[in-house]
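K.L.:
Build out the structure end to end from the sequences listed, making use of the hints.
Below, each chain spelled out in residue letters.
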Amino acid sequence: MARSLPITDARKRDSHVLFETDAARERYHVVGPGGAAVRIDRLIRTTADTSLEALHHRFGGDEGLSQALVKGDPEVDLAAVGRRLSGASRVWLSPTDGILYSARSLQVVYGPDGVEKSRADFLDVEATVVPDGPPLVWSGRLMAADEVVRKFVFSRKLRLRHVDGLTYDFLHEMARTLQETGKLLFVGAGPKGQQPIILTRNGSPWRGFLDGRVEGSAYRLVLHLTNLELKAPPPKVAPEGTS
Amino acid sequence: MAKGIVVDLDGEQVAFDLERVDREKLYGKKLLQVVDASGQSCTTAWLTRDGGTVIPPGGLAFVYVRPEDLSTVERSELTSVDESGQPAPSLPSTLGVAQPAKGPIPPSRLLDFTIASVYALSPDAVGAKLLERLRAGEIFEVPFAYRGGAQELQSAFLLANDQGFFALVGAEAALGFIDKDAPPPEPVGEAEDDGEELDFSMM
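Those sequence lines, one after another, are chains A and B.
Heads up: the first sequence begins at 24 in the working numbering, then just goes up one per residue.
Heads up: the second sequence begins at 306 in the working numbering, then just goes up one per residue.
Do not take every clue at face value.
Dumping the calculated EDC-like pairs for lysine to aspartate or glutamate here, alpha-carbon to alpha-carbon at most 20 Å [stated by the list, open to error]:
#, chain 1, residue 1, chain 2, residue 2
1, B, LYS330, A, GLU238
2, B, LYS407, A, ASP169
3, A, LYS206, B, GLU329
4, A, LYS174, B, GLU388
5, A, LYS174, B, GLU382
6, B, LYS330, A, GLU139
7, B, LYS485, A, ASP144
8, A, LYS259, B, GLU329
9, A, LYS174, B, ASP417
10, A, LYS35, A, ASP155
11, A, LYS206, B, ASP417
12, A, LYS259, A, ASP169
13, A, LYS174, B, GLU329
14, A, LYS140, B, GLU324
15, A, LYS254, B, ASP322
16, A, LYS254, B, GLU324
17, A, LYS254, B, GLU329
18, B, LYS485, A, GLU238
19, A, LYS259, B, GLU443
20, A, LYS254, B, ASP327
21, B, LYS434, B, ASP467
22, B, LYS335, A, GLU238
23, A, LYS254, A, ASP144
24, B, LYS485, A, GLU139
25, B, LYS485, A, ASP155
26, B, LYS330, A, ASP136
27, A, LYS259, B, GLU324
28, B, LYS335, A, GLU139
29, A, LYS140, B, GLU329
30, A, LYS35, A, ASP192
31, A, LYS174, B, ASP467
32, A, LYS254, B, GLU443
33, B, LYS334, A, ASP136
34, A, LYS174, B, GLU324
35, B, LYS334, A, ASP144
Derived from the structure by calculation, the hints contain no laboratory data.
For clarity, every value in this text was computed on a predicted model and none was experimentally measured.
P.N.:
Here it is as structure tokens:
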């Protein structure tokens, strides 16, 4: 699926081009016997009324529940179990009050050691790369591929592609420029290109490096995205009282 | 101790222990937590269309069915195939088995791959030639399959920086060159999901 983004070139001209993601992740799909198509269905396995907590409450504790289990099958809701789930709504469940009609969303931050560092009301983070937003800026910061691959892990890629003859020239020229430098261009979002690249609301923030190559009239402009530095994890700290 | 990567370079074998590197280990994590009026943490659930049944977390079973008659298909009957219907190759795990090192390869080769997982490597040999060449800045590629079974064979790229030795594992991205007359891409649609929820630390 291709989407549109604005981007500038080395001459500070901007244009809207398309980008598409790597389809490699969908190279294989699952089929049934004889190559027959299959799909995943969701079936109800258990309901909130037959959860352990609900049954405890209904039968007054372990003793009452044990007797109920001997006498019958209170843990199975025969009217619901096995039914296909479709058109259901996602809801939040309070441990004491059932379905929430008003919820408060918090963002809880944990450090690498697993210790909670902060919690605050969650605020939406808007996408920084949108068709009607500022273009991705040609930062001019070039880094050698050999250096980049030792510093960052690229777990996502976007290929830029033209939408017409003018944008073909625009992108082909951009790829040729980058190929001649033999380096990758650091790319960021925002007016100065310093903000992380966020493609969807509340999506992951990425740093981008634009890689350009040409072969005759064909070009390849790939924005390598990273959100992980190539670093060794900190050593594990043994819990207190152990050696 | 799990089996590690064993690399064969010119007849000399070096074994590496693996430690997975991910964002949580380096930066920690951010989670969305929903609380009720009294501050108790809440869980997600499903409410059926008729409003009569609440399905708690873990209350759903996912089954494969035939679309024409909705009969179930056992997982043991499923196979992975590519677009042409050819089954995915069944590969044994490469862990603990010496894999021939290809290289040195240029960094552009590594950039052609989408990296799915990263491992910090601890070599079992100190003076091996492979380690010297990695420290000198060379990059080597070896076949990689963490588990055996039907899957796409991945590559592990071995390299070193000032933090140590690493293996970057991934599959080659299907992002080739585009010519002027290339067919148009699929129609513009909604954003593809990042596949991650509120995981935006680092930077």
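K.L.:
For LYS335/B and GLU139/A, compute the direct alpha-carbon distance and say whether it is at most 20 Å.
P.N.:
holds (10 Å)
K.L.:
Against the 20 Å threshold, does the CA-CA distance of LYS335/B and GLU238/A hold or violate the hint?
P.N.:
violated (43 Å)
K.L.:
Between LYS254/A and GLU443/B, is the straight-line Cα distance small enough, at 20 Å or below?
P.N.:
The given pair, whose Cα atoms are some 18 Å apart, holds under the 20 Å limit.
K.L.:
Has the given pair, LYS254/A with ASP322/B, been kept, meaning a C-alpha gap of at most 20 Å?
P.N.:
holds (16 Å)
K.L.:
Going straight from one Cα to the other, do LYS140/A and GLU329/B come out at no more than 20 Å?
P.N.:
holds (14 Å)
K.L.:
Is LYS140/A within 20 Å of GLU324/B, Cα to Cα?
P.N.:
violated (25 Å)
K.L.:
If you draw a straight line from the CA of LYS334/B to the CA of ASP144/A, is it 20 Å or shorter?
P.N.:
Holds, because 16 Å separates the two Cα atoms, which is no more than 20 Å.
K.L.:
Hey, LYS259/A versus GLU329/B, does the alpha-carbon distance stay inside 20 Å?
P.N.:
Holds - the C-alpha atoms of GLU329/B and LYS259/A are around 13 Å apart, at most 20 Å.
K.L.:
Given the hinted pair LYS174/A and GLU382/B, is their alpha-carbon gap at most 20 Å?
P.N.:
Not satisfied, since the Cα-Cα distance of roughly 43 Å exceeds 20 Å.
K.L.:
Taken at face value, is the distance from the CA of ASP169/A to the CA of LYS259/A at most 20 Å?
P.N.:
Violated, because 30 Å separates the two Cα atoms, which is more than 20 Å.
K.L.:
Would you mind confirming whether the straight-line C-alpha gap from LYS254/A to ASP327/B stays at or under 20 Å?
P.N.:
The given pair, whose Cα atoms are some 9 Å apart, holds under the 20 Å limit.
K.L.:
Just to be careful, I want the Cα atoms of LYS485/B and ASP155/A compared with a cutoff of 20 Å; is the pair within it?
P.N.:
Not OK: LYS485/B and ASP155/A at ~25 Å, beyond 20 Å, violated.
Hint violations for this structure: numbers 1, 3, 4, 5, 7, 12, 14, 19, 22, 23, 24 and 25, all remaining hints satisfied.
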